[in-house]
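**Student:** Protein chains in written order, with the working numbering: chain A, 1 to 440; chain B, 441 to 916.
Read the hints as simulated data drawn from the structure, not as lab findings. All clues stand as given, with none of them false.
Per the computed footprint, the stretches of chain B lying under chain A, defined by three or more beta-carbons under 8 angstroms from a beta-carbon of chain A, are:
#, stretch
1, 822–831
2, 891–898
Partner residues aside, some chain B positions facing chain A, computed with beta carbon under 7 angstroms:
#, residue
3, 523
4, 527
5, 557
For each residue, glycine too, the CB sits at the ideal point set by N, CA and C.
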Amino acid sequence: MEKLFKQINQTIMTELREGEYLGMGFGGEQSNFTRINAAKVRQIGNVDEADLGFNLILNGRRSTGSISLSGDFDEDLTRARGELTRLRAEVVQLPEDPYLVLPESTETSHNEMHGNLPDAEAIPGILLPAMGEVDLTGIWASGRVFQGSANSSGGYHWFASDSFSLDYSLITPSEKMVKATYAGTDWDQTAYEAFLADSITKLKLMSLPPKKIKPGDYRTFIAAAGVSDVLSMFSWGGVSEAAIRQSESCLGKMRNENVKLSQLFSFTEDFSSGFTPRFNGNGEVAPEQTSLINQGELAGTLVSTRTAKEYGVESNFASEGEGMRAPAMAAGSLKESDILNTLGTGVYLSNLHYLNWSDMIGGRITGMTRYACFWVEDGKIVAPIENMRFDDSIYSFLGENLEAVTEKLHINPDVGTYDGRELSAIVCPGILLKSFSLTL
Amino acid sequence: MDLHQILSGIDVRADWIGLRYVKENTGFRLVRDGKPEANTRESKQGVMVEVLVNGQFAYYGTSRLDKPGIQAAAERAVKLATAASKFSLHSFGVDARPVAKGSYSSPYQTAADAFSPGELSDLLIKATAELKVSDKVVTTNAMARTVETESHFVASNGSDVDQKYLMVSADYSAIAHDGSVTQKRTDGGLLAKSYQAGMEVFDEAAVLARCRNIGAEAVELLTAEECPTGTMDLVLAPDQMMLQIHESVGHALEIDRILGDERNYAGWSFVRLDDFGKLQYGSPLMNITFDPYVENQFASYAYDDGGLKAEKEFLIKEGLLIRGLGGMESQLRSGINGVANFRASSWNRAPIDRMANLNLEPGTSTQAEMIASVEKGVFMTSNRSWSIDDYRNKFQFGCEYGKLIENGKLTKTVKNPNYRAISNPFWRSLKMLGNRDTFEVYGTPFCGKGEPNQIIRVGHASPLCLFEGVEIFGGA
Numbered sequence: 001m002e003k004l005f006k007q008i009n010q011t012i013m014t015e016l017r018e019g020e021y022l023g024m025g026f027g028g029e030q031s032n033f034t035r036i037n038a039a040k041v042r043q044i045g046n047v048d049e050a051d052l053g054f055n056l057i058l059n060g061r062r063s064t065g066s067i068s069l070s071g072d073f074d075e076d077l078t079r080a081r082g083e084l085t086r087l088r089a090e091v092v093q094l095p096e097d098p099y100l101v102l103p104e105s106t107e108t109s110h111n112e113m114h115g116n117l118p119d120a121e122a123i124p125g126i127l128l129p130a131m132g133e134v135d136l137t138g139i140w141a142s143g144r145v146f147q148g149s150a151n152s153s154g155g156y157h158w159f160a161s162d163s164f165s166l167d168y169s170l171i172t173p174s175e176k177m178v179k180a181t182y183a184g185t186d187w188d189q190t191a192y193e194a195f196l197a198d199s200i201t202k203l204k205l206m207s208l209p210p211k212k213i214k215p216g217d218y219r220t221f222i223a224a225a226g227v228s229d230v231l232s233m234f235s236w237g238g239v240s241e242a243a244i245r246q247s248e249s250c251l252g253k254m255r256n257e258n259v260k261l262s263q264l265f266s267f268t269e270d271f272s273s274g275f276t277p278r279f280n281g282n283g284e285v286a287p288e289q290t291s292l293i294n295q296g297e298l299a300g301t302l303v304s305t306r307t308a309k310e311y312g313v314e315s316n317f318a319s320e321g322e323g324m325r326a327p328a329m330a331a332g333s334l335k336e337s338d339i340l341n342t343l344g345t346g347v348y349l350s351n352l353h354y355l356n357w358s359d360m361i362g363g364r365i366t367g368m369t370r371y372a373c374f375w376v377e378d379g380k381i382v383a384p385i386e387n388m389r390f391d392d393s394i395y396s397f398l399g400e401n402l403e404a405v406t407e408k409l410h411i412n413p414d415v416g417t418y419d420g421r422e423l424s425a426i427v428c429p430g431i432l433l434k435s436f437s438l439t440l
Numbered sequence: 441m442d443l444h445q446i447l448s449g450i451d452v453r454a455d456w457i458g459l460r461y462v463k464e465n466t467g468f469r470l471v472r473d474g475k476p477e478a479n480t481r482e483s484k485q486g487v488m489v490e491v492l493v494n495g496q497f498a499y500y501g502t503s504r505l506d507k508p509g510i511q512a513a514a515e516r517a518v519k520l521a522t523a524a525s526k527f528s529l530h531s532f533g534v535d536a537r538p539v540a541k542g543s544y545s546s547p548y549q550t551a552a553d554a555f556s557p558g559e560l561s562d563l564l565i566k567a568t569a570e571l572k573v574s575d576k577v578v579t580t581n582a583m584a585r586t587v588e589t590e591s592h593f594v595a596s597n598g599s600d601v602d603q604k605y606l607m608v609s610a611d612y613s614a615i616a617h618d619g620s621v622t623q624k625r626t627d628g629g630l631l632a633k634s635y636q637a638g639m640e641v642f643d644e645a646a647v648l649a650r651c652r653n654i655g656a657e658a659v660e661l662l663t664a665e666e667c668p669t670g671t672m673d674l675v676l677a678p679d680q681m682m683l684q685i686h687e688s689v690g691h692a693l694e695i696d697r698i699l700g701d702e703r704n705y706a707g708w709s710f711v712r713l714d715d716f717g718k719l720q721y722g723s724p725l726m727n728i729t730f731d732p733y734v735e736n737q738f739a740s741y742a743y744d745d746g747g748l749k750a751e752k753e754f755l756i757k758e759g760l761l762i763r764g765l766g767g768m769e770s771q772l773r774s775g776i777n778g779v780a781n782f783r784a785s786s787w788n789r790a791p792i793d794r795m796a797n798l799n800l801e802p803g804t805s806t807q808a809e810m811i812a813s814v815e816k817g818v819f820m821t822s823n824r825s826w827s828i829d830d831y832r833n834k835f836q837f838g839c840e841y842g843k844l845i846e847n848g849k850l851t852k853t854v855k856n857p858n859y860r861a862i863s864n865p866f867w868r869s870l871k872m873l874g875n876r877d878t879f880e881v882y883g884t885p886f887c888g889k890g891e892p893n894q895i896i897r898v899g900h901a902s903p904l905c906l907f908e909g910v911e912i913f914g915g916a
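Chain A with its partners taken away, still in its complex shape (with noise of 0.2 angstroms):
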């Protein structure tokens, strides 16, 4: 893949005309779908796919596209030149872009890296017989992930990874649930079927009756999957500078009215995980980290060079969209051995679903309880309860309610696969709080 996209784009950059800026993105994957209903393959498949973005400036106007590629050179050339061709043609009739940033990058890098994963035909094989006669749902990605950068400057990018995840979903027969993501580079027999193991005896936890809790304020656990669903809000109306100086953000009060949130919580972007490249759209390369939330406290915020240009402020070259790539929180003290009985008598939550801003200037966020989600007596499991929802401020429970911080960080990979296969994971902690809003 790296071939042809080198080859597009050393063909494309010496037919540029004078005063034409160009940026272009690869991105691109080779999966495998296999999608499990009752520990059976409901559907499996293959997807090979290539796209090309261009980002074509002339004369203080910018315009955009893409094209998906066949992976045939002169093909795709040709489409590629078709593509320029009518970029040309749009770019003269468009109004001037006064915060349009020129892709003047010259930072090169490469990284590949290659994992053993299964081959197609074999994973319903190495998947399936150790989940014996256990209800599981889920859906197994595996293959390679492709992202290319590059530009009229010369600058250069390209990194390729592989990888497999397996997300999931345990039944009993009474519908509760336990959920859990297998993830990896290299596919290790013995440990799935350890890993899957592990799960199904969670799963026995579920089987206890329920208890059906009323609306009301609890003291409550979040594991940190569900902390990851929380931190994945601030990719949305959150850290973002632009939103923030557009009024769309959550942390406008931060900003605005010097609110804070509890000093036992720090939030970055940190790339040092190395799950996803560092380099943006415009072949930019952020920092390491970014200091976000530092102990309560707005430190800094996402910034595009767009952003940048509009509001003169310094870029720490976030995406365009400034949305989160590498989000970590800081760990705290709480010790993983001490949730329960630290918690006392509350709820414990695993994992939230459906989260969407009740009121997004408020900080308020409503979402579900969802999987192993338990009501605890004196430090002790008593029962699983049926979901709930609540309804919150993230500067009530990130703010005077948050009590305590785990000290273990958990990596919770980001197996969406919307736009092509994310390579992204969340970073962050367990956390207890005095109080969490339960409503219905």
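With chain A held as given, fit chain B onto it using these hints.
**Tutor:** For chain B alone, coordinates are given in the frame of chain A:
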């Protein structure tokens, strides 16, 4: 490309093979505060090769469009199906892919290329100017999205379906700010005005008039009272009913969800297979139809991606659940009557059960009669927040704009209106249903579901609705 020729040349051993070529060009233009933010076009094309071997379907989506590439994809799909057939959830026959021959072209008056990029940009710039009705409007956005799609499906059983679409979505929004209060108003919810239509949607006079109203309502909300808290009557505008139907009816009736396929992602359903024909889903006023032929509605088509011909069907009649949202695979698995809704988001995804046009049929009440019947309640319009549980039971939705209803009259404007309820009791509380004069058609490009994930377009139409005794509340 000649799909027939490619299909006839494919040499694999399969009980059935189908090729679905999709080419889709998505244009998107966004202007913020009079300045261009995005002028982009995404052009995607590829072929989904599907085979049936030993009762198991398998697929290979490839962007390689030549004969050797598709032959190789078919061979790999056969190997996958063969390997997976030892572990099949269900053994399908060729009846899962009915023979389909036909075509569809979406209706439009003005072709996509009738507006030049410059002309459309100019209109969007004017729109942002109209949205800024005062200095308190701090951010204005105008966006236009056009999608041109060609789909050609051929299969070894003789199926041959050509479908072409032109789809247009637009939205205009204003954010107003004063002191510590910020409020946003859009054109009926983000991209709710999504249609199978042409560039006639961008009639300048109509667009600019709407923008002035949107800007004015954003400013009006700055000084509005907080929505009251309490249990009271709720009148929902059709642009919010779109979301209400989608989340608390549509997803719950998807047969693949009921069969458990989505339990690891979107979730399950409170509806069970034995509820069909028995469950009183809502009040007798409730008639829900799957209707693929509503003029200009966003998800109209003639055949689904499995080759089933699309027909109008009642899913809920006089409140009684009678039919599910399931294509042939789900119908064969469940034994439940379904509809032609086996759809894929593009060439690179396999079809699953999706909503298409799912509508609440109009009733007989006028808007005036409905408002007059309410002693104390809130009217809400334009969705801004949505969340529902994995069984499609406990939901909480929020709107952009509300009006108090007091003693049969619309009175004060209220901000941050929200409500929460449980699906069946909520629908059973449907007390009055607006007539055809109140009936409006909407759609959204953004329905997410499936593993691997798929975003697909759906359409929803509804009259004005009155629900009694709903838990209503305001903002933070």
